[in-house]
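**Q** Here's the letter readout for the chains.
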Amino acid sequence: MAVKVGIERVTKQYGGEGDAHFVLALDDVSFALDDGEFVSLLGPSGCGKSTLLHIVAGFEDATQGTVRVNGKPVAGPGADRGMVFQDYALFPWMTVMQNVTFGLRIKNLPQRECERIAREHIALVGLAGFENRFPHQLSGGMRQRSALARSVANNPEVLLMDEPLAAIDALTRNALQEEILKVCDARDGRPRKSVLYVTHSIEEAIFLSDRIVVMTPRPGRILEVVGVPFARPRNDATRLAPEFQQLAGEIWSTLKSHIKPN
Amino acid sequence: MAPVARSGSALRGKLPRAFRLVVLPVIVLVLWEIGARMELFNPIFLPPPSRIFSAAQQLLLSGELFRHFADSLRRIAIANVIAISVAVPLGFFMGLYRPFEEVIDGFLNILRPIPPLAWIPLAILWFGLGEKSVVFITLISAFFAILLNTIAGVRGVDKSLVRAALSLGATRRVLILQVVLPGTLPSLFTGFRIALGVSWMSIVAAELIASSSGLGFMISYYRELLRSDLILVGMLSIGIIGFLMDRGLLWLEQRLLPWRVRLEL
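These protein sequence lines map, in sequence, to chains P and G.
Mapping the first sequence onto the numbering used here, position 193 (from 1) lands on 193, and the numbers just tick up by one.
If you want the numbering used here, it's the position in the second sequence, counting the first as 1, plus 1000.
What the hints contain is simulated information worked out from the structure, not anything from laboratory work.
Built from N, CA and C at the ideal position, the CB exists for glycine as well.
Treat the hints with care, since some could be wrong.
Heads up, incomplete: computed chain P residues facing chain G, CB under 8 Å, no partners named [to be verified]:
id, residue
1, Tyr14
2, Gly71
3, Ala75
4, Arg81
5, Met83
6, Asp87
7, Phe91
8, Pro92
9, Phe102
10, Gly103
11, Phe130
12, Asn154
Generate coordinates for the entire structure from the input sequences, incorporating the hints supplied.
**A** Right, here's the structure in full:
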C-alpha cells in the first residue's frame, strides 16, 4: 500500500540542551501511515503524541527529522491535512452550515456546490435540520459532529484528530466512535480516509484503529506498534468480544510499567 | 449550608426586580429631604431633592440643559469617531505584526500614563479655548482605551480557531478577515464602552476649563452663582446619560454578537 504520511526520524526538543526547562518531547520517532489506514497514537500525558500530531499538522516544527504527506515535506498547516480538535474549534460567529462550508468557500467552489457538499456531510454526522444553528446552541457531542463534518467535507488527504472525544461524556463517546468510523469509511466511490488519531484511551484506540502506535513519555518514544485484527464494520459486539478485552489487557500490561506516579 | 443558600435565592426571587433597584435611592432621597427641611445641614451647599427636581424642570423647559447636553454629546461623538478610526486600525496592525508593535510601543507607553487632563494647557495653546481643545482632550482619553482593547482582542483570538482555519486552507487574507476580525469584535466593544465612560470623565473637566458651553461648563458656571441645585442637576444628567449610553452599547453588542453573550452565560 502507498504511504500517505511518512514520519521520518522526528525529534522535538523544547529549550536548549542543559537548560532547566529542557524537554525531549519526541526522540527519533519514525513510522508510516498507509493510504486508507486508521492509526492511533496512544500513550499517557507527556508522551508527545499531541506534539507529533501538531508537527504533522504543521502547527509546530520538528527539531530534527521530516514529515512527508504523499512524499512532499510538510512546511506549515494546509488543507491537505484536516484537523479535528478536542475543543471543537468551531467559529462561534458562524452557523453549522457556514462552519462546514468554510474550507469549500476558500476553494472558490460555487455557492450551490458548497451547500450541497455541506448538507451531505451534516446529514452524514446526523445533524440534518441543525444547519442554521450556532455552536453555542448545540451540545458538546453535536459540536464535535459539526467539526467532524467540517473537516471531512473539505476532503483532506489525511484526517488528524487530537483527542476529539476527551471532553465528551462517556455514553455519547461510544456513539461518536461509531460515527467517526462511518464518516471515515469508503462511500460513494470515495476511498476510505487515512486517519491519524490521538487518544489516551486503550479501548477507543482498539475500537477505531487498524494499528496502534503505543508511546511512552520522557522522552517520547514508540514502545510498540500493535495491529488490530478485528473486522469492519465494528459495533457494540466488537467491544464485547473476548479478543477485544484480551488485546486491551495486553496493551495495558506493556504500558503500565512506563506510567510513573506523578 | 445548602438549605441556607436555597432560601436566600428564594428570597431574591420573591422581591420584584424593580423594587430592589429603587429601594435604596428612595430611602436616601427621603432622609435627604427630611434633613434639608429640618436644616440639619445648609441647603445652600446641599439643597433638598425637591429643589433639585424643580431646578431640573426649569433647565429642561428653558432648553438650556438640552443645549449644553447637545454640545457635549457632539464633542464626544466627534472625538470617538476620530479615536476609533485611528485606534482600531492601528491596534489591529500592532496586534497582528510584532515588529510593528515593537516600533510603536515604546513611544505609546510614555504617552499613555499622561492623564488626559495634563494635555489641557497644551491643547489650549494649540487650539485655543473652545470646541477643538475639548474634542482633543476627549479624543486622547478615548484613544488609548480603544487601542489597548483592540490589541488585546487580536492577541486573544482563540489559537485553535486560527489553527482550524489554516488546516481548512485559509489564506492570510481569509484568516484576518474571517477569523481574526470577528474574533476581535467582543474586545472592540469592551474598548468602545470603556472609551465612552472615560470620554464623559474627561470632557467635563475639559469643558470646565476650556469651553463656554457643554455640561461641564454649565456646572462650573452655576458654581459661580452658588446654585448647588443646578450643579447637581448637571451632575445627575451626566450620570443618567452615561448609564443610558453604556446600556445602549451593551444592547447593541448583544444584538450584533449574540454568540458571544450566550457563551458567557
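**Q** It remains to establish, for every hint, whether it holds in the given structure.
**A** Hint-by-hint comparison with the structure:
1. The criterion of a C-beta within 8 Å of any C-beta in chain G is not met by Tyr14 (chain P), whose closest approach is roughly 17 Å, and the hint is violated.
2. The closest approach between the C-beta of Gly71 (chain P) and any C-beta of chain G is roughly 20 Å, which is over the 8 Å cut-off, so the hint fails.
3. Against a cut-off of 8 Å between C-beta atoms, the interface hint on Ala75 (chain P) is violated, since the closest Cβ of chain G lies about 12 Å away.
4. Evaluation of the Arg81 (chain P) hint against chain G yields a held restraint, the C-beta minimum of about 6 Å falling below 8 Å.
5. The criterion of a C-beta within 8 Å of any C-beta in chain G is met by Met83 (chain P), whose closest approach is roughly 4 Å, and the hint holds.
6. Taken as an interface hint, Asp87 (chain P) checks out: its beta carbon lies about 6 Å from the nearest beta carbon of chain G, inside 8 Å.
7. Among the interface hints, the one on Phe91 (chain P) holds; its C-beta lies about 6 Å from the nearest C-beta in chain G, closer than the 8 Å criterion.
8. Below 8 Å, beta-carbon pairs count as interface contacts, and Pro92 (chain P) has one with chain G at about 4 Å; its hint therefore holds.
9. The closest approach between the C-beta of Phe102 (chain P) and any C-beta of chain G is roughly 5 Å, which is under the 8 Å cut-off, so the hint is satisfied.
10. About 4 Å separates the beta-carbon of Gly103 (chain P) from the nearest beta-carbon of chain G, less than 8 Å, and the hint is met.
11. Because the beta carbon of Phe130 (chain P) sits about 15 Å from the nearest beta carbon in chain G, more than 8 Å, this interface hint is broken.
12. For Asn154 (chain P), the shortest C-beta to C-beta distance to chain G is roughly 6 Å, which falls under 8 Å, so the interface hint holds.
Figure legend: structure checked against the earlier numbered hints; hints not met, in rising order: 1, 2, 3 and 11.
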